[in-house]
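Protein chains: 2
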Amino acid sequence: MGKLFVVGIGPGKHDLITKRGLDAILSSDLICGYNKYIDLIDSLIGNKPTFSNGMKGEIERVKFALNKAKSGKTVSLVCGGDSSLYALASLVFELCEDFENIEIIPGITAALSVSARLGAPICEDLVILSLSDLLTPFEIIKKRVDAINIGDFVTAIYNPKSKKRDKYLKVVLESFYQQRGNLICGIVKNCERDNEIVKITKITDFDYDIVDMSTVVIVGNTKTYLKNGKMITPRGYLRKYGS
Amino acid sequence: MGKLFVVGIGPGKHDLITKRGLDAILSSDLICGYNKYIDLIDSLIGNKPTFSNGMKGEIERVKFALNKAKSGKTVSLVCGGDSSLYALASLVFELCEDFENIEIIPGITAALSVSARLGAPICEDLVILSLSDLLTPFEIIKKRVDAINIGDFVTAIYNPKSKKRDKYLKVVLESFYQQRGNLICGIVKNCERDNEIVKITKITDFDYDIVDMSTVVIVGNTKTYLKNGKMITPRGYLRKYGS
Numbered sequence: 113m114g115k116l117f118v119v120g121i122g123p124g125k126h127d128l129i130t131k132r133g134l135d136a137i138l139s140s141d142l143i144c145g146y147n148k149y150i151d152l153i154d155s156l157i158g159n160k161p162t163f164s165n166g167m168k169g170e171i172e173r174v175k176f177a178l179n180k181a182k183s184g185k186t187v188s189l190v191c192g193g194d195s196s197l198y199a200l201a202s203l204v205f206e207l208c209e210d211f212e213n214i215e216i217i218p219g220i221t222a223a224l225s226v227s228a229r230l231g232a233p234i235c236e237d238l239v240i241l242s243l244s245d246l247l248t249p250f251e252i253i254k255k256r257v258d259a260i261n262i263g264d265f266v267t268a269i270y271n272p273k274s275k276k277r278d279k280y281l282k283v284v285l286e287s288f289y290q291q292r293g294n295l296i297c298g299i300v301k302n303c304e305r306d307n308e309i310v311k312i313t314k315i316t317d318f319d320y321d322i323v324d325m326s327t328v329v330i331v332g333n334t335k336t337y338l339k340n341g342k343m344i345t346p347r348g349y350l351r352k353y354g355s
Numbered sequence: 113m114g115k116l117f118v119v120g121i122g123p124g125k126h127d128l129i130t131k132r133g134l135d136a137i138l139s140s141d142l143i144c145g146y147n148k149y150i151d152l153i154d155s156l157i158g159n160k161p162t163f164s165n166g167m168k169g170e171i172e173r174v175k176f177a178l179n180k181a182k183s184g185k186t187v188s189l190v191c192g193g194d195s196s197l198y199a200l201a202s203l204v205f206e207l208c209e210d211f212e213n214i215e216i217i218p219g220i221t222a223a224l225s226v227s228a229r230l231g232a233p234i235c236e237d238l239v240i241l242s243l244s245d246l247l248t249p250f251e252i253i254k255k256r257v258d259a260i261n262i263g264d265f266v267t268a269i270y271n272p273k274s275k276k277r278d279k280y281l282k283v284v285l286e287s288f289y290q291q292r293g294n295l296i297c298g299i300v301k302n303c304e305r306d307n308e309i310v311k312i313t314k315i316t317d318f319d320y321d322i323v324d325m326s327t328v329v330i331v332g333n334t335k336t337y338l339k340n341g342k343m344i345t346p347r348g349y350l351r352k353y354g355s
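Chains as they are written, first to last, in the working numbering: chain A, 113 to 355; chain B, 113 to 355.
One should not assume that every hint holds.
The list makes no distinction among identical chains, and a pair is therefore deemed to hold if it is satisfied within one copy or across any two copies.
[Unchecked claim] Result set (DSS-like, lysine-lysine): computed pairs, CA atoms no more than 30 angstroms apart in a straight line:
#: 1; residue 1: K311; residue 2: K115
#: 2; residue 1: K335; residue 2: K168
#: 3; residue 1: K175; residue 2: K311
#: 4; residue 1: K276; residue 2: K168
#: 5; residue 1: K175; residue 2: K254
#: 6; residue 1: K182; residue 2: K335
#: 7; residue 1: K148; residue 2: K182
#: 8; residue 1: K182; residue 2: K282
#: 9; residue 1: K160; residue 2: K131
#: 10; residue 1: K276; residue 2: K311
#: 11; residue 1: K255; residue 2: K175
Hints listed in this document are in silico derivations from the structure and should not be mistaken for laboratory results.
All chains should be modelled from the sequences, with the hints used to inform the complete structure.
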């Protein structure tokens, strides 16, 4: 058996990949990944062979990577953001029996790269929620939205909208508004990639048209505020210890 | 004005720092941070001057870093894990008015580095929760625990125990057990540092004694399972598309 690295490459720019992730990619005989992520690291891959496919090709992709590793190759299976969160590490473990030569290398997930672009909205207890109903029924997503309101969590929303599914985000923000008022929302499209857009708004002024699958929305909790164009959730140091 | 980088250094090992974070540290005139984090990157700092202090010294630390940056220095304020989540980015924005020369550099947060050591427990919708009541009253924490049960979220628990506060974790796990059954728990102490301990157990067998402030606990959702010693939350690809 060779080796399979499952590598989180972060949001896109190469300087947000960890050294461990970069070393894995550089030491691999073969790079597997979703088309878009392979494109993002094209210049790192050089002439190495790649295997890439599209959405809904995840099982085929993971099986291909596992088979190549079994045959003795060193393989990197690359994932956008982290390697596990809404990514492929768990499918790798589900599809194989011998874990000895599998290494999971974490990456910067979008919630954190997006938060850094907006200011500091993610500062304390947090929910990360995907609105994709491909793998999670919307009934469960709705229950989680109710839970978020109860806990007054800051929320990072992944996959807020796709072509087939354009109304869920509105339903979610409407629920937040009804239960917690006109919260501050940060929208980052193409974070740390070409054509990045950063926008901060309130729920009632939310611009649904700029949101797509390459957008992450962070909705603050009831303490989040806007200062000089940055979105800030106070951690509570000043309330506790004074300034 | 000089420049202030707020840098997330990840869990501890230097190869889990991003290149952007490393470059910031190497280009700085001065490094500020909590004692323990300064120690972790000691060999990267070399002979640069440092300012470090302990817990509850956060306001003093941030003010010192901001003042040095104002006076023209390039300063890195380093944080364990990410630079914003349970960290100092938001306090920086709270304590200054001119944001032009402040740059937030995200880092690998403990939930994700710990998840990678356990297998792939973090795979879909997630709550990150701190049990420290220094800045968040336990009443709010309890409400959030109720919300987690309603949403059946995978939960990463930071700061699970301190010397003064050793019963909250038991209260939380008891609530999870009552509402959702005997969930699988992953315990990682000193993740990616010397003396790392990785342990997977069920709530009823939970070993409270090994938990301390350098431990993160990940509690699965009702779908999380154990396979060959790894903790896995299925993403749902196999249920949806078959194997």
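Original post:
Which of the listed hints are broken here?
Top reply: Hints 5, 8 and 11 not satisfied by this model.
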